[in-house]
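Enquirer: If you want the building blocks of each chain, they are given just below.
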Amino acid sequence: MAIGKEILKMRHITKNFLGVRALNNVDFTLRAGEIHALMGENGAGKSTLIKVLTGAEEFESGEIWMDGIPHPIINRSPQEAQHNGISTVYQEINLCPNISVAENLFIGREPKKHGMIDWKTMNKKAKEALAVLDVDIDVTINLENYSVAIQQMVAIARAVDISSKVLILDEPTSSLNDFEVSKLFAVMRKLKERGLGIIFVTHFLEQVYEICDRITVLRNGELVGEYEVDKLPRVQLVARMMGKDFDDLAEIKREHKGSTGKEEVVVEAKGLGCSGKIKPFDITVNKGDVVGLSGLLGSGRSELARALYGADRPDKGVLKFKGKRFTSRAPIDSIRAGMGFLPENRKEEGIIADLSVRENIIIALQARQGMFKLLSRKEQEEFADRFIDLLKIKTADRETPVKQLSGGNQQKVILARWLLTNPDFLILDEPTRGIDVGTKTEIQRLVIKLAEEGKAIIFISSEIEEMLRTCNRMAILRDSSKVGELSGDEITQVNIMKAIAGGTTV
Amino acid sequence: MKKISIFKKPITQYSLFMPILCLFLVLIVNLIQTPHFFKITIQNGVLYGYIIDILNRSSGLVILAVGMTLVVASSGGTDISVGAVCALAGAVCVAALGTGETYKMPYIAAVLLALLIGLICGVFNGFLVSFMKVQPMVATLILFTAGRGIAQLVTGSFILYVKPKSFTYLGSFIPGVPIPTPCFVAAFVVILTWLVLTKTSLGMYIQSVGINSKASFLVGLNSKVIIFLTYVFCGICAAIAGLISVSRTASIDANNVGLYIELDAILAVAIGGNSLAGGKFSLAGSVIGAITIQALTTTLYAMRVAADQLPLYKAIVVVAIVAIQSPVLRKWFKNLTLKLAPGKPVKEAM
Amino acid sequence: MSKVNTAAPQSNGSGVFKRVAQKLLERNFLLFVTIVLFIIAYVAGLFAFKDKNFGNLQVFLNLLISNAGLIIIAVGMTMVLIIAGIDISVGSVVAVTCMMLAAMMEKAKMEPLPAVLIVLLFGVVFGAVQGWLISYLKLQPFIVTLAGMFFARGLTAVISLEMITVTNEAYVKLAQYKMYLPFGGYLNRKGEMIYPYIYPTVILALAIVVLGYIMLRYTKFGRTIYAVGGNEYSAMLMGLNVKRTKLLVYIINGFLATLGGVAYSLNTLGAFVELARGFEMDAIASTVIGGTPLTGGVGNVIGTLFGVLIKALIETFVSFQGNLSSWWSKIIISALLALFIVLQSLLAMRKEKQR
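Protein chains in written order, with numbering that gives the first Met the number 0: chain L, 0 to 505; chain Y, 0 to 349; chain V, 0 to 354.
Next up, chain L with everything else stripped away, as it sits in the complex (with noise of 0.2 Å):
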């Protein structure tokens, strides 16, 4: 097919985020009837590039052109980025629930009658831009009333009756079926052929090789690079992604051989499941092993993590905990019965950023001891400053705000939260991410020792080396679900990324 002349360039962009570098001299290229695939792990900046494209979000150096304009654009609001001829489907549907299926399609640009919105003939032409899609809903009522995966098509029909020169698709497909992605796969191909330039971001290898012509990589904020689908194949692709070059793939000692001798079950879970987030799944954790759960971004790993510690509420299945029938109802069930859970996003769900360190720390065995048996203020500093001292913390004062540390330090402060309360069961979800090389180390090192101490460990992240160092086993999840499990002789990293990205047997 023939691909045209580039019609959007980025160049150098850079943008910090809090202080922390999200985007470092990133480019990208579009050319006209292409649909090209923008690939990264969680935190690869993917996002971060549409929303300073779009205008969602500034950025501090670079440019930006678009074809047919003789200097560089700055979309200083999604308004202008719709008028340069850019529109998005963002990864979070962003609709708005409260007003029609017709209106979220046309607002700010409603057809009229005599200086008034003319509704009849705003649903007619929404009804056509579905029909595009293959789908045939009631456009009058309100948005709010349909499944995830119509507003999903909402959003899409939206995006491309606006697109006139670029569109761009952040994971739109998460939420559909496959007969709704093969609608929308048709409709690509025909905008494709009309000569705009599609930025397709997805998890989906599969959707990658079917539809895509160019890929191009970013990791840790920036560019691997761009590649023509045909010339890489998909285990390459999945090696960019994690950053390792597959053709140098030493074998990494794994450091941890997992339990020895007879073994005790700490958790054992079947058919667990909890609906709209993890389909059933069997696991089973021993004392003294790490298990790690590998699976690329929206895979299912943490939403597997959070119904083990009842986070969210698994709604099938069995859980036993330490040989008993365990139902959590509040994760406060989970840590008396001696669970810990570190979550993925430390921000928004592990620190409590105007609270101090101390308190940081102490939280969680706090909760555990309910609220009339506080810890004295010694006890409280002595466990702060032994944890501070352990995990080498680096903090001003036991009393600083736990928000003014950096981000492994704060990490680092999670762990001791829940090291305090000695669990038997750790859940370690991305512990190790956007943290100094340095901090990382020490953290594995930490999780092999605390298993030999006898704990039962989940530990999740998306590097695999990480993995192969620290884990005796691996659980490997695909589509919200458990596909596949590794243990012994047959974790290598090639076994890891060909059951991750599938298609071929473990």
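These are computed hints drawn from the structure, not numbers from a lab.
Beta carbons: idealized from backbone N, C-alpha and C, even for Gly.
Sample of chain L residues facing chain V (criterion: CB under 8 Å; computed from the structure):
1) Y89
2) N97
3) E102
4) E143
Restricting the straight-line Cα-Cα distance to at most 25 Å, the calculated cross-link-like pairs of lysine to aspartate or glutamate (DMTMM-like) are:
5) K242(V) <-> E79(L)
6) K333(Y) <-> E56(L)
7) K213(Y) <-> D353(L)
8) K497(L) <-> E209(L)
9) K213(Y) <-> E91(L)
10) K8(L) <-> E221(L)
11) K350(V) <-> D137(L)
12) K137(V) <-> D353(L)
13) K439(L) <-> E451(L)
14) K402(L) <-> E59(L)
15) K230(L) <-> E170(L)
16) K223(Y) <-> D311(L)
17) K286(L) <-> E465(L)
18) K219(V) <-> D160(L)
19) K279(Y) <-> E380(L)
Could you slot chains Y and V onto chain L? The hints should help.
Expert: Chains Y and V alone, transformed into the frame defined by chain L:
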């Protein structure tokens, strides 16, 4: 940045800096206006003077501000029903004691009854906010409108007077004690609250829930119950303030007891340097805030501003205070200082 | 067929009335409840106060006459609530409006028209300042309008601490100008034909409701208000100017607050500091009862009109009954408010569960 200095951080960054500065400014103005402002004399066996007057008159507000602080901290919302609850609790107390020469029931029973009313109101508000997930302002709007109406029913729409002299002790002086009773009550409430917050983990829980409810949930806190409790406590505080208020005049005028005091209480919390979005709070700040408002009021009275005109000046204070807290304005000022003083590194404001 | 086609509830009602009722029930349950509640209450009144001529058209018109100002203000409040804001300054604005009018006409001997224009301009400026603080400085609406409330009340007292009665001839004439309806007349005891009447303020109030309805339903700005109230961030991403929309809503609201104040002033023909105290809560309560929750994104002015009428009806009941203290009306309205708030909250919770 590592710099050796006496203060660990710039003095302006201490949380009590602004509230104390506000109070200080008001007092300075007073001192210029009335040189004998700080003079305290003893007349008829009791202390007398502007300072005493301010402390005395602000006690009700101090108590309300304590309750309001916790509500704001835990839920990021405000309880606008406290004024109405004041009136209702006061009305119930007076109605229970009756208007005869002697009390209809033991004084202490009437007081407990009034506190119970406050508690029930708090339970009502707290239930709506924490379990029904109604926005705090909307939930408390119900009692805001109904409270006074119910109080009027209790009093039969009359201004009732309580005759026994002992009824006024709570709002003025206990014979032989030179310090106004409301000051004791306020101090008692503040200290008790402070003890409960620091001797149990409740203080930390409230802040934690207000700062990050998701994280608090994951570390095992029950945010609903915690928010509920703050509203119940606020209701009780409102009842106490109501009791003081009716005792001052030995009467209940359900129309006017605690009128608009909810706004002053919210203002006190804000002047105290507490974010109205919830989270970290300073009880001391709110207490200072409450005293500042009373001092401002007393000052303006001294400057012969009519009572009805006071709100105009309060409005200016409110806008100034919240504007200073506005992140947009702070950013704007930061950019301005950057432009005015290029090359000078400006510390990241968090 | 994919599940796409069956996901939407389809209405297959045959009769027009049935369809309208069904649509109302499905799409605007709260408005439906409000209207049904009003009808039930009115019919109940017909039976309960049969001997007191409750069915007389004038009784119904009096609901409008005594609440014309409130209707106008509640229309503005509806818009503010739809963008998930709040304005608690309107009561004080009504007071200052009446005071300014009275002072200008009585103390400065101005003609009514320029005086009215000046207060309306004041309303626009007042709304613009509040709106700017809220939308551009991102201050909390509650606090900003709390300050606005203090400011306006204080200003009223600064203008005059004494009560002023308006005696301007033209103004009084306008206030007392009865517009008789050509129908609905009845014979009084003396055998004269009495026709029901309204005041010009009623026409004004109804016109504002109609204009508000048209604006919210048929203009781009009106629909943007809903989008902003539904999800501010999404609205921004859809290319709508959120800040300007919010500013404009507060400006309109400021204008309507003073316009409502003018209508109020025509009813009272005078002003004092304590005037219209608690009026803002009347406006908010009527709006909420009219099916506009404070969470934003939902609501309409027709419901608001019925909300005000329900409030007025309750007051009329209490006064017709004769023995009840007028405070009962406050309590009943609050109970109703509680009912609606709980209903709204349950609806919201059910929706969340469905997801």
